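**Q** Line by line, the protein sequences give chains A and B.
Quick note on numbering: our numbering labels position 90 of the first sequence as 90, and the sequence is numbered without any gaps.
Quick note on numbering: our numbering labels position 154 of the second sequence as 154, and the sequence is numbered without any gaps.
There's no promise every hint is true.
[Stated by the list, open to error] Partial list, derived from the structure: chain A residues whose beta carbon lies under 10 Å from chain B:
no.: 1; residue: Arg-56
no.: 2; residue: Tyr-74
no.: 3; residue: Pro-135
Hints were generated in silico from the structure; no laboratory data involved.
On a predicted model such as this, the values are computed, not experimentally measured, just so you know.
Glycine is no exception: its CB is placed at the ideal position from the N, C-alpha and C atoms.
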Amino acid sequence: MSTIALDLIACPTDLDTLTEQRRNSTVAARRPVLRPRVLVVEDDEDVATALAVMLRSVYDVSVRETARDFLCSYEVERPDVLLVDYELPDMNGIRTLQTLRRYHGGYTPAVMVSAYATRQQASLSAGFEYFVTKPFQRLELVWALEAAMAKP
Amino acid sequence: MSDSSEPLRILLVEDDEDWADLLAEALLGETLSVGYGGFRVTQVDSWRAAESALEKERFDGVLLDLSLPDAQGRELLELVHARVPNLPILILSGQDDDAAAVEAVKRGAQEFLVKSEFHPSVLRRTLRYTIERHRFLEETLRRQIELRDEFLSHVSHELRTPLTAIHQFVSILLDGLAGELLQEQRDYLAIVLRNSLQLRAMVEDLLDVTRAESGKLRVELWPVAPQSVIDDVASSLSSAAGQRRVSLEHTRHEALPDVFADELRARQVLANLVTNALKFTPAGGKVRIDSRVVAAGSAVEIEVRDTGPGIAADRREKIFRRLAQEPQYCEGSRKGLGLGLFISRELVGLMNGEIGVESTLGKGSRFWFRLPVYSLTRLLMPILGSDLASPTALLTVHVLADDTSAEVPQGSDEALTLLRQRVRDLVTSDRDLVLPRMRQTDPPGGGGLIHVVARVDAAGAEAMRARVERGIARFAPLQGYGLNARVTAHPLAQPRDASSAEALAEYVSAQVRELVG
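In isolation and in its complexed conformation, chain B is listed as follows (with noise of 0.2 Å):
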């Protein structure tokens, strides 16, 4: 609840001069005491104007005219809900009108006053409690949503532990630790162990609405190879492709370049299309993944084919919203809550993608999804979007051999990639010193080299180096290569234009690259 000794701020829209000044008259002049602030008033006289009061400051409420020069009656109202809907509004009309009200009151506005009925105590009064009835109205609807969200997310987490115990003691009967089994039980554990996975998943759904509609999903976004996504769901979903007699098919691109992604979750986005199109597809029919780079580069899309029975074009846009299993799909197969295309969509919007489908009935459905592919200046975005002016610095990792003429020996491709994840695994520890964000390129020759750009100030780019040191010093499975590695800080000098992401971001790449060559 707001203090009630602030003013309320009043929105007055009327184009009379002379009511408007009445109005304000009456709102502004009563006697205030200790522990009420009256009201505050910004006049205006037409919808556009009050479309940029709107948009400059903030209002507690509206006080409306139904009659402007440039928008009247229910149109008005519903621009003026349109723009402001969690703002309550108070009609003022010419005109007693009983069903014009109820219309006004279904319309949005929470109150509707007559002029030929104007007083100024009553309107004072009727504008503060419209305010004080929708803050209160307000306040126990996000006490609710919330209540509901603990609820689900404690129940989701409850679950778990049950369905982790079954499913543990499931798999030790089929691995026949508590005896040999017979072919006939060995088939009907498999259904409760393919009914506990089925469960699961629901109930990691169920979390993940949760987290998406209380803005506590998260995404942790990495350089990611979009052919190791794929390649990861089209083995895991097979044997569930086969037990439906679908054809699951996917494409190898080896070129295809690595995106900027939380690897997790793109899995998930992608397991849950495949999982569709596997679920709807009749017995015979063929799913198929496929990728290419769109956009002019810019991005990865990866598609899922189906040839199941497609989606009525009105139905498409729904698709995506909570619980919006399309119910002739459900013939046949209750499963799943109907969450997964709403977390996919909230997911790729998180990692900076987008999402979409095209459908032909009777034929068949493309589902895709497009990932931005990693950039460095789509990498420092995000550091430097916050905070444009403060000081940043450039790690950097040089990976030799131990003995420099010596050829870079054999797994040493291997040993790269489990530095990457250490730099990475050092780097994101210390969150509280550094917003770092990391980059490889391949330089000719061999060996790798990793940057690391944090926000840090010459000082803290040492004590990063230092730390980064120590921790791959410590990192045997290098040395185990015959691998070395070099750290040097560069603290990078202030740009002169920082006024705006996006220049920053073109700055500090171009001084990464003239560092590194």
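Just chain A, with the same shape it has in the complex (with noise of 0.2 Å):
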């Protein structure tokens, strides 16, 4: 899928060049923001360190290390995009958006990442945006995110 995220946006370089491109973007983006809000939820402390580490220079990251926490604090943080691990202690990802679409206000894009590539088509089915697989490039997943926002 990330081909066709590359086709979606305009594909950044780097990351200063993104911040530039979002601010004279005229794309009918969702809402256009400046730093959107990413809502992560992540188990292992550690990957969820490194991923906050790769996106807070862009975006403004809150991490949850449960489904429960996630769901609860959704309303609160009103993310622009979430980013979901399969692997979760109380209940897989795909459970998690169902549950998070179903139930709360709204629609956020959502990007799920797995150390699993077979799970992707499970997951674009149950309506992520995009699919990212662990470990992950920095650009890589700046793009999926991108794009999910991108996606009108």
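Combine both chains into one complex, guided by the hints.
**A** Printed below as a string of structure tokens:
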């Protein structure tokens, strides 16, 4: 799916350009914002730290460690995009997103991350905009988040 | 463990009529009690008759005389053992010969009885114990394999998590997110990264092997463009080739037909072959990926040629087995578990393809694999294979420009690709309802046509149509390109000849062609 992501948005080669592009953006994004809020649910502390470090220059990142915390904080945080790990201690990422979309207001685009590429099909069918395999590259992750937010 | 009140089914192979009767009587003539079912005996008098009985029926054990009219002694025992390697065999012999008995046990017999010492209750007891002991050993072995697989699978899962973290933080350092790096620091981190990737690949291989051995390795077959598989693998391995100073080349063939395969897995197989070729080709050598249509247009062959040391004739078959890395190859390269070719062969088999190698010592090797070309008949086979009589429906998705008089807008190819993906997704998430597959044709004048063949009745077809339509309506990128989709459902009439899957597949293909022109 990453090639499609490349087609849909102007592909940034570095993240400074991305911020610049956002400032000048005329594309009808959902809600053009300079520092979008990403709500992450990832139970592995190290991977969560890595995510935060990789994304913090361009996004406001909040991390939750369980699906329950994630769902509870969703309405308070009002994120622009969701980043969901498949393996969570209390329920899997697909059920988490389904629960969120069914019981919480609004539509927030979501990206799935998993160590298992074989989960891609199921994730996309379940309504995730994009899928990224762990371990991820920083740009790959940013592309997926940007493309997810750019979907009208 | 089996229920002990079930009678044990014995195949009695004895050509001497008197002995046969005596033995049968000994087995059948005992008093049965609650919880004990005794024996059930099938009598035959030659190896040929035994072979056909084994074909038709299931037995718990074989009682075998070693001198039959059509086969005798060691040779006979080998025949039986080869035919039913998992069945306990009890030998009856006219001669009291210890050496022969030991020999028989070595060749797969479980017990050896001498006719001159024949006693009905000894025979019964020996036979029963032989069978029970055999069952116990089989069960123990099965359980051990299961435990080993569970363990391996658990270990590989657990190893992935820390590996992912190592990888992530090394990339963070390399990206300069924790401050500028000196060139030397950068070089060393690149080594850490390369090794962690290698370790990860090994863990993946271990997981695949345990999956393959417990029958849990799965593929999802869809139309796949072979050229994109080749391009992806060539570009992802080009830097590895550069590091080894081996040139990696590939030819582009625009006209290759789609194959029916699992794209991720096809890529994995090709990556395995190319990685091996790179590993065994000395610096300055060449690795080349090429492809062609073979087998009268029914398959695409992808080959990887190298200028490595080649593989001796007697090793060529063995390298596809587990843990089969060539020992002399390992000098200067301790990399890999030697599982890649084994996994590749399993995967190619699951995708209904073939894999092989040709090689000249000192000159190099040519590894190839073939995947079946995608066709409607082949596509229908797995759907029609399991239950020939159930109703089948065809859904067609016509993709049109919003204003049909207008040109199909630019970018519609991408939209079509997305739609195909979307239809596929919609359908695969409905596993409980249907077992669908999809076909795409390119009608004249652009636009697009996607076929979904589903195993549902008329009501099911209607439900599917509604579902696909709802899904597409929600699919914004399509609207973004000014494209629209119209979904039609055609329940297919029951065929007159449903005697074979082939015949039925032909019939459905013909109906599909008629409906969509």
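**Q** Now tell me if each hint is right for this structure.
**A** Verification of the supplied hints:
At a threshold of 10 Å, the smallest CB-CB gap from Arg-56(A) to chain B is about 9 Å, leaving the interface hint in force. The interface hint given for Tyr-74(A) is violated, since its Cβ lies 21 Å from the closest Cβ of chain B, which is over the 10 Å cut-off. Here the hint on Pro-135(A) is kept, as its CB sits about 4 Å from the closest CB of chain B, short of 10 Å.
Going down the numbered hints, you'll see the structure goes against just number 2.
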